[in-house]
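Chemist: Next come the chains, spelled out residue by residue.
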Amino acid sequence: MLEAVDAETADDLFDIPPEVQFDDEFGIDSRTERETRRLVRSILDRNDELIELLGRGHYGYYVPSLVDHLADRSEFLTSYTQYQPEVSQGFLQVLFEYQSLLVELTGLEIANCSMYDAATALGEAATLADRVRSVNGHRVLVPDLLLEGRRSTLENYVAGTDLEVESYPTADANVDLEALEDAVDDDVVMIYAENPTVRGTIEEHLETIGEITTDAKALFALGTDPIALSLLQRPADVGVDVVVGDASVLGLPTSYGMGLGLFATREEYLRQVPGRLVGVSEDDTDRRAYTLTLQTREQHIRRERATSNICTNQAWVALRSAIHAAALGPNGMIDLAKRGVTRAESLADRVDDVAGVRAPVHDRRHFREFVARVDQPASAVAADLEERGFAVHVVDDHEIQLCVAGVPDDELDGFVAALEEVVR
Amino acid sequence: MLEAVDAETADDLFDIPPEVQFDDEFGIDSRTERETRRLVRSILDRNDELIELLGRGHYGYYVPSLVDHLADRSEFLTSYTQYQPEVSQGFLQVLFEYQSLLVELTGLEIANCSMYDAATALGEAATLADRVRSVNGHRVLVPDLLLEGRRSTLENYVAGTDLEVESYPTADANVDLEALEDAVDDDVVMIYAENPTVRGTIEEHLETIGEITTDAKALFALGTDPIALSLLQRPADVGVDVVVGDASVLGLPTSYGMGLGLFATREEYLRQVPGRLVGVSEDDTDRRAYTLTLQTREQHIRRERATSNICTNQAWVALRSAIHAAALGPNGMIDLAKRGVTRAESLADRVDDVAGVRAPVHDRRHFREFVARVDQPASAVAADLEERGFAVHVVDDHEIQLCVAGVPDDELDGFVAALEEVVR
Amino acid sequence: HYEPLLAEKDLTSAEIDGDDTDSPLPDDLTRDDLELPALSEPELARHYTRLSQMIYAIDTGPYPLGSCTMKYNPKFMEDVAALPTAAVHPDRSERSTQGTLELMYRLQDYLGRIGGMDAVTLQPPAGAAGEFVGIRVAVAYHEHNGESHRNEVIIPESAHGTNFATAALGGYDVVSLPSDDGGRVDLEALEAALSENTAALMLTNPNTLGLFERDIAEIAEMVHDVGGLLYYDGANLNALLGRARPGDMGFDVMHYNVHKTFATPHGGGGPGAGPVGVVDELAPFLPSPRVREADDAESDADEPTYELFDPEQTIGKVHGFQGNWLVLVKTFAYIARLGDEGLTDASAKAVLNANYLASQIDYEVPYGPFHHEFVASAGDQDAADVAKRMLDFGVHPPTTKWPEIVPEALMTEPTEVESKATLDRLAAAFNAVAAEDDETLESAPERTTARRIDQTSAARSPRLAWQALDDE
Amino acid sequence: HYEPLLAEKDLTSAEIDGDDTDSPLPDDLTRDDLELPALSEPELARHYTRLSQMIYAIDTGPYPLGSCTMKYNPKFMEDVAALPTAAVHPDRSERSTQGTLELMYRLQDYLGRIGGMDAVTLQPPAGAAGEFVGIRVAVAYHEHNGESHRNEVIIPESAHGTNFATAALGGYDVVSLPSDDGGRVDLEALEAALSENTAALMLTNPNTLGLFERDIAEIAEMVHDVGGLLYYDGANLNALLGRARPGDMGFDVMHYNVHKTFATPHGGGGPGAGPVGVVDELAPFLPSPRVREADDAESDADEPTYELFDPEQTIGKVHGFQGNWLVLVKTFAYIARLGDEGLTDASAKAVLNANYLASQIDYEVPYGPFHHEFVASAGDQDAADVAKRMLDFGVHPPTTKWPEIVPEALMTEPTEVESKATLDRLAAAFNAVAAEDDETLESAPERTTARRIDQTSAARSPRLAWQALDDE
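Chains as they are written, first to last, in the working numbering: chain X, 1 to 424; chain W, 1 to 424; chain S, 1 to 472; chain V, 1 to 472.
Some clues are possibly wrong.
Partner residues aside, some chain V positions facing chain W, computed with beta carbon under 10 Å [unchecked claim]:
| # | residue |
| --- | --- |
| 1 | T49 |
| 2 | M77 |
| 3 | E78 |
| 4 | P366 |
| 5 | Y367 |
| 6 | P369 |
No wet-lab data here; the hints were simulated from the structure.
Only a predicted model underlies this, so the values are computations on that prediction, with no experimental measurement involved.
Beta carbons: idealized from backbone N, C-alpha and C, even for Gly.
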């Protein structure tokens, strides 16, 4: 090979001026595969083994083994974006089916192949609103309880526009309708709400929020997820224009916040949608074939006038999510969602029975998680629980938040027992 | 469906006389997938985590990740025996390549697709000898050190023949040539030796054993494995007629003795070989195609005159073994074998330096494992080592056996330190 | 659809004592060189990935092989077998392997309950090995009773080939038993075959036609009356799960094909496992070791402890260690997942599916009522050709030309896992082929990776390794 | 090669408050029903297994996409990402997640060394997100310096589309920079483009033609002289591993495409990760949180402890949590496996492979000397047609029609993983297609799962969900 390229060594092929050549070493040891595996294992073994009653945007539902085994097939794992659809039909169909799943769940006509996560999907929703707004407004309204990661990401996304993010108040962790109405004016381009909310409450007045948004000629963006959508009100039925959220509640185990940005919207915004879309077409033999479509919206064609800068997305996580949904089926998804309600209620009841604890703090229906008030400092309670093998959220000086998603009943029993000891 | 079969319930379709119907229950709970995984995990968690310096026929070499990922592809894992070769070319080629690997390693012309393990392969070698013997003998000679599992299995295999298994003496854990010569007479149909031996010694006089066997017009069967074969004398070069052993040293991690019976022999015994064989042929378009061949030797055709009763074999383990060998390549295999020699020698040296321990007991070259003499009772030493996280063989009142295969250097360091404490 | 051999991509000869190497052993103890492919991980990944795509598997379509019970293998079973805690060496102390012993103990117990057997060994690494244990146990039992003269094993003509081969391997003479007109054991012929020389009768129930041997109680009595043992071939146990148990029918010894009944994958031919269950009377003869609860005076643990033990008159071992452990882990997981409810449901659906499929195909099904499998006849067509042609319709064909009692047999077992849609697709394939002419059948398959393969030349001039291709 | 949609196999409508269910919520808080496929595990296993077989992937063949660096993904990386200890929630205490924090800290360190950067954030979940962090950091930096007037980002014409889109998303005006005759940055044009309004210059080096920007030191000086920042697009870093570092060339901020340079799999489009490195001066603006060693007075442990911290003038977050953690684990494993030696070897082989492949093909390669990739010209042929036809030869084609500086561009990057045999196979495909006529090219591909797909009708009447197919 060297002969063919007229070089004595591969080094000769580099055309790097001496002044910028790197003649040093990184100081990184080379290792065998086995040594590397042992190294990573030894590092990660420093993570404590805890039972996590954690949620707030990232959930550890049990993922059926089927999902791992199918998604790990290397044709899925090691292929590139489907720019040559003739040899990518399998993955394109998967993404088409994923889009279809979200269409059914949201009731909206269009869902894209994925954004990075809920926070970035929210950011993209705001820039969509900026592009399609029928008013000349610049205000984006979000709940005051919005997760800091989502709020901050949103602010970064709109920093290059003339949009501004403002909070509206919540009442007992749901939207404070009166306060929202007071906050709305002609200058509002998007109102964002969540169902369930970050504190696990089920939002009761989506329809009214939809009306307020419509009256303001603004976009109604709703944050939710596929499991919640299996049971709670269908966004299309309450006037939602854009659904965002994290679809990795299906398919991905707990993974330090790694997500799958859900993005669905109305057909009228089709040409303004960010991210990849898979559509149906025909091939030369008139057989159905799938392909990435409407690529003129995207950065590799439209450059600085693209609807988003996204390129690499979360396609493989979308595959996992689609498989998990398929494994559950419609009844399984509804059941899983229902258990999110009943198990949260049941845990709240049991926790409420513990002296020195009151739960739920909010007088609402809950989905999957809820806030509990503890007489002792919440951080001390959390630290003591951690000693006993349980992780919970500290949300305020005397508030902890507990999530039942993915935690088996016997582990919840263990938690209640530990909590009793801790607050004793 | 019930309508089509004219039944009201599936129960109606069973034609079982009432007196033998089972109307009770097994008393086995049904569980969810997750519950089942937790159950099995909780049971297996009762196994202690030990560093195993164990060998004696079952070895825990590091298996590259590639092997798992490829062998777990479900087309390999969930297919049946290749009785329809037109849709099984992939697996047939794998098995053909596996056979070829063994042909190269042994120097013999024929290797089958697998027997169950080394012990059953040895049993099959004896029945082969029984079928092809040129003398009317009935004695099968095996070393006195033969592993009990192999000896007992062999005895079961020959119990239905007129063969008898007899031991010949070993000298310092190799074949005692003189004693062997004394033992041999016209009545011997097979002489079995091992290289390396069960005590890890390298057999130094294979050629002479081959001559003795030839003189006796008996079959020379050698027990070995693919890693040893990568470095040690090639069986065909020393007159071996049948190679048996456990090929799962490649490809299979420690698995409580699960194996892969290696079986290779000379071309002249082709029609007497047990087990499946894959051969090359052509299809209707004259392209190369693989197929199971010479099936008339097998039980499903030849019934009580078959060369063996084996049907289900260890094909998937053969796949794993073939991938592992391919991942190593010829240099990697030789290196791995050499390290079996050098690391065993090095550990023996270090162990010998420990007061109260002498190693190796046998004044031989060793492969992978060796016997050490301890002043204290061996069982007490082993128990104390187990307390410290190490498992060793107890082979005699004051002898332990140590194997380096698969144990990283730092763990050997830990072992030497533990041994020093234990015999102090 | 063609992938070169590894050896066609590369062959590298590595020398043991070449210039670059440094052998730790003297020349006379080593080989000279080793010539094998030296390829990179990416090249290997592609090789095996491509090869895998040239394999029909249960994960790519239905696989209705009669008596082979190709049911779907739930994925989670692989996960439990891959647990690091399952990777223990067989020579470890019992104290340090309580997990392994407990799992084996519980699996012995599960299998005993399912088969109605009193004692179980998990050691046989395959069904045929299980049969061999059964035969060896029979030998030992009869010897123990001073009845070494018993030298005959009776086997129905339609039985699996392994039955015959195993009996022969065990040193027995095989007495072949014809079927009656209904396809079942002919009681008169059985009467004639039984004698003081009968060591055992080996039987599958339902038999290979899918028919339940309704006279099983009488058969058992007849065999026992002459002092013989009744052996149950577990290949068709899937039909009976929760409905009837070999132990209750009078069988003395049986094997379980866990890769059939309990969904451990077939792996392209193996590994499987063939645990053997026996009645109390035969338990002392089972292979060593087995697992039992320890008499646990010392321990203050909540959990029982387990130990290995050698049955009193054990036949010894039929495997170097304890059999195919990883397969046993999967078996345990499958049974623990399904439980009573799932197991009973499996047999119901398996039988319903077989009956439904039979009702939808145009080929004649001469015997019945069958259970989990049926044997259709290809009639004037050649059953082997029918199979090849079915491949062209994207499905796997049934087992063909066996049992011989049905001319041009198409022995079909869809199993409980197939949906109605898949059964309909199978039926459509059967029926499309049934309507075709001989010419089409003989030239089939045409849509497969390889076209019809010449078996004769493969056997006449065997080329069994890439080394044998050198002169091509 | 056809697999029906899940919805064509089954659609089951499950009602929330139907007769059989018992909703825990009042009607007005729930939907009415959910209509989705209800299929069994075996049916799903087959569906996705079959679909997977209709995908070209790096594990089935070479994938020489310019600027995409489709290198083989070592299998063991999946194993480490699947370790149960990697599955932690982002809201856990730092005390209980020392493993995660240590790995992130060490990866930050590795990446800093490799890029010659002083501080690294791992948060951006993709390359474009990394670019966005770079742009947001530039905004914050200039604002911090009272230079909010800077509103222009200069980008070479041949740059990746994400550069333009990201700059626009960040609120900047894009100034497009033409190439010089040699395919590199035109210094005069750069001089003309630079001004007091320049916020940053975004550059790839080697550029998309594979050419090293030899004047990089001068370019850096020019940009810095007007107070701008120099941004390095990491897409082509694979060419320079161990040979040159962006930090040493004068770049102030860069992103790493770990799914390109560090072999984390592309997953059919993602997830990747786009960590960003900066020089000290920009470190205070990086996203929050980052990881650092804790000042560890309390701890008596041998090992250092790690903590999260917010950079002083942080731009905040660009992801809800900490980015694509599982991808980062794989990245760390890859770098730890290769080390100095492996990384330096990777760039050597990547460049050798590209040069060798270019030397073997019949298409003209107008610019050079190139590094890890080259851009050939299809000349009179349509590059997109060339690509389609190459599919018929069983290989994946290069990126086509970009960069536009080369007419009918075939942008080709074989990466270091391909063997000579595979490169020869690729060359043979190129050359076979080069010799073909337009008619053949236009009707290609013909050996693929789908034939040429009508893009226009897909876009004209979009059908983006199975619900949209109802009326077919």
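Chemist: When the structure is checked against the list of hints, which entries are broken? Sort them ascending.
Modeler: Violated hints: 4, 5 and 6; rest satisfied.
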